[in-house]
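Number of protein chains: 2
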Amino acid sequence: MISYENILLNVEKWLSEIDCAHEPRNLYEPIDYSLSLGGKRLRPVLCLSACSLFRDDYESARWCALAIEVFHNFTLLHDDVMDKAGIRRGKPTVVAKYGLNTAILSGDAMLIEAYRLLSLTDSPSYPLVCDVFSQTAMQVCEGQQYDMDFENRTDVSTEEYLNMIRLKTAVLLAASLKMGALIGGASLCDVEALYEYGIQLGIAFQIQDDLLDTFGDEKTFGKTIGGDIMSNKKTFLLTTALERATTEQRLELASWLSLTDPVREEKIEGVRNLFIATRAREVAQAKIESLYSKAMNDLRAMDITAEGKRMFIDSAEKLFHRTK
Amino acid sequence: MISYENILLNVEKWLSEIDCAHEPRNLYEPIDYSLSLGGKRLRPVLCLSACSLFRDDYESARWCALAIEVFHNFTLLHDDVMDKAGIRRGKPTVVAKYGLNTAILSGDAMLIEAYRLLSLTDSPSYPLVCDVFSQTAMQVCEGQQYDMDFENRTDVSTEEYLNMIRLKTAVLLAASLKMGALIGGASLCDVEALYEYGIQLGIAFQIQDDLLDTFGDEKTFGKTIGGDIMSNKKTFLLTTALERATTEQRLELASWLSLTDPVREEKIEGVRNLFIATRAREVAQAKIESLYSKAMNDLRAMDITAEGKRMFIDSAEKLFHRTK
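Chains as they are written, first to last, in this note's numbering: chain P, 258 to 581; chain E, 258 to 581.
No lab work stands behind these hints: they were computed from the structure.
Among these hints, one or two may not hold up.
It does not matter which identical chain is meant; a pair holds if it fits inside one copy or across any two.
[Said to hold, decoys possible] Cross-link-like lysine to any residue pairs, in silico, SDA-like; alpha carbons within 25 angstroms at most: (1) K354 x D379; (2) K348 x K476; (3) K575 x R345; (4) K524 x D466; (5) K341 x A543; (6) K354 x D340; (7) K270 x T562.
Keep in mind the model is a prediction, meaning the values are calculated, not measured.
Looking at chain P on its own, in the form it has when it is part of the complex:
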C-alpha cells in the first residue's frame, strides 16, 4: 500500500540524486546544503499522493514533485535573506553560512533548477502544470511582499491577513495536489476539489502555527515561544484581537506594541492575556476546526478510493498534530 512514509523514502532518494557536483562550488554547494537541511517534504509527498489517486504509477509526477520541493527551499532561502534569519531547522541558514551575495545567487539558481526539473515532466498535462507552477510561484512572491508590507502597518485586517497566508503558504500546498492530480489524469472537477482542500488545510496550518508560536510548548514546538509577539508580527491572533478589543483593551494592546525595550516575559504574558480576554485564541481555534472540517468533508465527498482518502486523512493528521 502507498503511504506517506514510502513516498517520503522515494522523495529523499530522488532529492539526493539531484546532481550538485558542479563548478563553481560557491554556487552549487549552498544549493546542496539547502536541500540537505531536511524538512517534512510535505509538498512533494502531497503531489505524488495526488497523482497516485488517479494513476498506478506516481513516478510520472516525480519531476514535478522535485521541482516543487526545490522551489519551496528556494523561497525559504531567500526569505531567510530578507528576514536576516540565522538558524533554520537547527542549522545555520545559507545566508548565515555563505553570506548575502552567495545566498541571493544560489537561490536564483535553485529557482532555475526548479523549472528545469519541472520541464522533465513527460505528461500530456505538462502545459497546464507549467501554468499552475508559474502562477503559484508568483502568488508566493505576492504573499511574501504582503507579509513584508504588513510589518510597516498597524491597521492590517484579519481578512487581509488571511489573504496573505493564502498566498504565502496555502497556494503552494494546494498547487502541489493540483499538479500531481493533473499529471495523474484527474478530471478538472477532482483537480479543483483537491486544490480547495489544499487551500483550507494550508490556511488552517498557518493559523495553527500562529497559535503554537504564542501558546505552544517549547519542547514539542521546537522553536522559542513568543517570537511573533516580541516582533509585533501581524498574526491571526493579533488582527483578531485588535478587531474584537474593547477601547480599553485596544489601548492596552497598542501600548505593548509601542514599547521600544520591553521586558520579554512581561510583554509575552501581557499580550497573551489580551489574546485570551478578547477571545482571539478561541476564535483562532474555532477557525482551524472549521477549515479542517470543511477540508475533510470536501475530501469525503470526492470520487476517489477509500484507501486514497485514508492516505490524505493521515497526511492531514500528521500536519496538524505537531504538538503530540
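Since the structure of chain P is provided, determine the placement of chain E on it from the hints.
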C-alpha cells in the same frame, strides 16, 4: 525590409504591454521600473532577427524574445544588489530606489515572469527552446559566481577570465540567436553556427567593454573611465598584463594593486602605462579583431539570404562602434 530599428519598435511595444498593474504594488512597481530603464534590447532583437532568417513571421518568437529581455533585466537587477550599485543607465537602481528586500523579491518575480512568458511560445521547438533557456540561465549564474570569486583571487588566468565572460555575457547573446532560430525552424547545423557566432561576438564585446573602461573617452563611453582599475577588477587587460609582465613590471603592477588609498589619477595612469608596456592593450585589440573576423566569416559561410547577413552585420557594427 526587416531592420534592427523596426524589430526594436515591436520589442518596445510588446515590453510595454507586459501587465504590471497588479497588487501588491511594492512587488510589481519595481518590475515595471526595471523594464522601463531602457537599454539596447539587443537580446530580444537578436532572437527575433534569427527567427526572421528562417521564417516570414518573426512574431512566433515574440514570447521567447520577451522572456529573454525580462530574464536579462532580472540578472541586472540582482547583480546591482550584489554589487551594491546605485546607478544604472543614469537612474537609481532598483535596490537604491526600493531597498534590499524589495529588490531581491522583485527580481525573483521577474525570473518567474520570464518563464511564464517563455511558456506562451507556440512552436514545435518549444521543449528544446525551454532546455536552452534553463541551461543558459544556469550558465549566467555560474558566470556571475566566478566573477564574484575572482574578486578574492590574485591568480586568475586569462583562460579563466575568458571562460567567465563566456558564461556571464556571451551565452545569453548566443542563446538568444539559437532560440530564435529554433523557433524559426532552422536546421540544427544553422542553429549551432548562429550560436557560435553569438559566442564570438559576445566575448569580443566584453573585451571591448574592458578596453573602453580603461582607454575609452568618457564623453562617448557614458561611464567614468578607470573604474575597473580602481577596483582591481580582473579584466582581460589585467590577466594578460600579469601573464606577460617582466618580473619588474609584475612587481610594479602588484604594488599598484596593493595600495589601500591610492591617488586616483596616479593609479589609473600607472596601471594604464603597464597595460601598454606589457602590450596587454594590443593583445586585447588583436583578440577583439580575431573574434570579430571569425564571427563574420562564420556568418558569411552560413546558408542564409544576403539580406539576412546584412542585417546581422549591421547589428554587429552597432554593437561594436559604440565609441562613434
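We went through each hint and held it up to the structure:
1. K354 x D379: Neither. Shortest intra-copy (37 angstroms) and inter-copy (43 angstroms) distances fail the 25 angstroms Cα cut-off.
2. K348 x K476: Within. Shortest intra-copy distance 17 angstroms satisfies the 25 angstroms Cα cut-off; inter-copy 52 angstroms does not.
3. K575 x R345: within (21 angstroms within a copy, 50 angstroms between copies)
4. K524 x D466: Close inside one copy (20 angstroms), not across copies (58 angstroms); limit 25 angstroms.
5. K341 x A543: neither (33 angstroms within a copy, 48 angstroms between copies)
6. K354 x D340: Intra 15 angstroms, inter 19 angstroms, cutoff 25 angstroms: intra and inter.
7. K270 x T562: neither (27 angstroms within a copy, 52 angstroms between copies)
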